[in-house]
Amino acid sequence: MDRKELEQQVIELVAMAYGKDVAEVNLDTSFADDLGGASIQMVGLVSEIENELDVLVQLQVAAACKTVAELVDKVEEQL
Amino acid sequence: MSVLDQIYAKAKANPQKVAFPEAENEKMMAAAYQAGKEGYILPILVGDKEKILALAAERGYDAGVFTVVDIHEEGYLSELVAKYTALPDARLKEKALRRRMQDPLYYAMVMQAVEEADVTFAGIDNTTGDVLLAGQYIIGLQEGLSTVSSIGLCDIPGFEGSEGSLLAIGDSAVCTNPNPNQLADIAIAACNTVQSLLDWEPRCALVCYSTLGSGQGELIDKVVEAVKIAQEKRPDLAIDGEFQFDAAINPAVAAKKVKRESKVAGRANVVIWPDLNVGNVGVKLIQQFGHADAYGPMLQGFKKVVCDCSRGAPVSEIVGNIVISAVRAAGMKK
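Chains A and B, in that order, give the protein sequences. To convert, note that position 62 of the first sequence is 62 in the numbering used here; the numbers rise steadily by one, no gaps. Just remember that the numbering used here sits 79 ahead of the position in the second sequence, which is counted from 1.
Some hints here could point you the wrong way.
[To be verified] No more than 25 Å apart at the CA atoms, straight line, and that leaves these computed lysine to aspartate or glutamate pairs for DMTMM-like:
hint : chain 1 : residue 1 : chain 2 : residue 2
1    : A       : Lys74     : B       : Asp209
2    : B       : Lys172    : A       : Asp33
3    : B       : Lys174    : A       : Asp28
4    : B       : Lys312    : B       : Asp300
Note that these hints are calculated values from the structure, not bench results. Note that the coordinates shown come from a computational prediction; the quantities given were computed from them, not determined experimentally.
Same shape as in the complex, but just chain B:
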C-alpha cells in the first residue's frame, strides 16, 4: 500500500470537517464533492448559499454531500463571533471581526478556530499570501513558534531510509532565508507535522555543507545556532545537526562522520534545508534524478491545519491535498 493509499484509508476511517471558502470555484467544488462523496471528508461550503446551491445543481452535484453555510445569515454569524471573541487568544474584537468575516476565507477560519470545522482549504481564488495572512490573524501560530513554513513528503523509489522510501523535507516553499530562530521553528513544526500526519517518531536533521564542525563560515553558523535553539526549545524532540545531507540519512556515512551519540545522524526521517535556494534545488533534484513523488507543500506552524493549494493543480491533486490536510487535522487532535 503506497503512502498516499495509507493516508486515504486513515481519512476514510475518521472523516474531518473541511471548510471551503472558495466553494463557487469550479475546481474547488469538484474536489470538495469528490472527497466528500468518497467519504474522506465532510465538506462545508462557505459563501453565498443561494449561489453555491445553484452552481452545485448546474454542475450536476448531489447537494446532500455538502453542508452549505451562508455567510450572510445573521444568527450563525453572531454565534461564531461570540464564540471567537470569547477565545483567550482572539486577536480581533467584534467590530473588526465582523468586517473581516464578510470575506468567506476569514469566515471559514473563524469556524475552524471555534471548532465548527477542522480544516480550512483555499488557495485557488486567494493568493498564498492571503491564506497565510488570514491564518495568522484568525488561527494564530503554535505555542512557542513565530514562523509559518512548509514541508513536503517525498516517496523516492529505491531509497532505503529509516522510513522506507519516504523522507520529509522542509522548507522548500515559504521561508526564503530563515534566521536561526526561524530555522529552529521550521524544524520544530516539521516534527509536529510528521507526528500528526504519519504517526512517525520524528528524527530531524538540520543540514548544510558541514558535519559537526567539518566546515566553517556564516552559512554554517546559522545552522549550528538553529540546532541549539531548537534543542533548547523542545528537548523532547530528536533534532540534531549540523550535518551534511549524506550524514543525515545514510548510516554508513554517519558512522564515519559523526563521532558522538546522535539519535538522528544516519537515520533522519525529516531533513531541514538551510534556506529556500537549497530547498528548491533539493526538491527538484529528488524529483528529477530520484524520480520521486513529492506531496505538498503542507503549511505548518499554525495552531490548526491551514491549507493552501496550487492554483494550477488538477482536481485529483487538490483532492489529495484535501485528504492529507484532513488526516493532519485528525492527528493534531490526539
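Here chain A stands alone, though its shape is the one from the complex:
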C-alpha cells in the first residue's frame, strides 16, 4: 500500500470512528480542535485500524497524535 492509499484509509477510519463525513476530515484535521471526541472514540479508531490494516497502534501513541497526518505516520511505522 502506498502512502496516498494509506492516508485515504486512515481518513475514512477517522471519519467513521468520530461520526463525521469523509469530506470533513483531512490530513490537517486536529483531533482536539476539530473532532473533540472522548477517549472512547479513540479506542474505536485504534480498534478499526487494527481490524482493517492489521496494525496495532497503542492507544497512548494514537492519543498523542495532534493531527490525522501524525496518526498516518504512526500507522506507517508499524506496517
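Add chain B to chain A, keeping to what the hints say.
Chain B in isolation, oriented as in the chain A frame:
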C-alpha cells in the same frame, strides 16, 4: 446489619461468576478462594491452567472451589471468539481479538462480554489504565455514555440522611476535570450503580459553591450545563442542581435555599462533585472528620461490571470489593 453485611448476604443468595485474570497473583488467588469458599461468588481463574493448579496446590487451596480456564486451550478460545465477533457491537475482528486474548485480562473480559462470566476482577498486576482500556475495548460503555468514572459508598456515623448513614459520592477517583457532558455521564452512571448495588431510588445532586444561581462563574456554569444535559438525557432519573453540598443533603438548608420543587434537594442519596480536586478532598474530609468507612471506588459507565482494585489493598478489602462487584452484576441483570 451494616451495609457491607447486607451486601454479603445478597451475594450469598445469588452468587455470580467472577473471572480473575490475575489468578497467579498470591493475594488475588487468596481473595478469590476466600470469596468462593464462603459461597459469595463462583470464582473462575483465567490463565495458564497447569501453573494455576500447581500454585493452588502449593498454597494449600482446595482446587474444587475454582473453575480454571486455560487461555491456551484452542477449543474454548475458538468458541469465545465466535461468540464475541457475532455480537452486534464487537469492536475487534477475529485476528485482532485473538492477538489480544493472549493476555488473560482481555480473555476474561471476552468471557464476560459473551456471558460466560458476570464480572472481571483485576488491578493488582495490571494498572488501572490497563483495566480501563481493556474494558473500553471489550465490554464497551453503557448506551448513551462516553465516560468511565467511579463512585464510592460512605457509611458515616451520626449522619442522618435519606438513606440513614449512607451516602454515595462520585467521582473521587477517575475523571480529573470533567466537562459538562462528562459530568452528566458521571451522574447518570452513578444513578445506575446505586440502583443495581443497593436497590435505591437514586436522588442525585450535582454540587458546587452555588445553589440555583446564588453564585456566578465558569466553575458553576459547567455544573449548571451538566444538570441540563443529564436531565435531557435521562428524564426518568431524579438528577438536580446546582446545589451547595448542605442544600443537597440537609432538608432544613434546602427549605431555605431551594425555592422550587425538587425531588433531590435536601434528600440527595448520590452527590456528584464538580471535579477531582473537590472529590478527593471531599472523601478525605468525610473519612477524617466524619470517621466514615468508604467503600470503592467502583468503576462505572461500562455495560457490565469491570472492577479495578487497589494494588496495596489487603486480602480482606479485595474480598469486599469482589463481593460488591458481584452484587452490582446481579443487580444489572434485573
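Q) Of the hints stated earlier, which fail here? A) The structure breaks hints 2 and 3; every other hint is satisfied.
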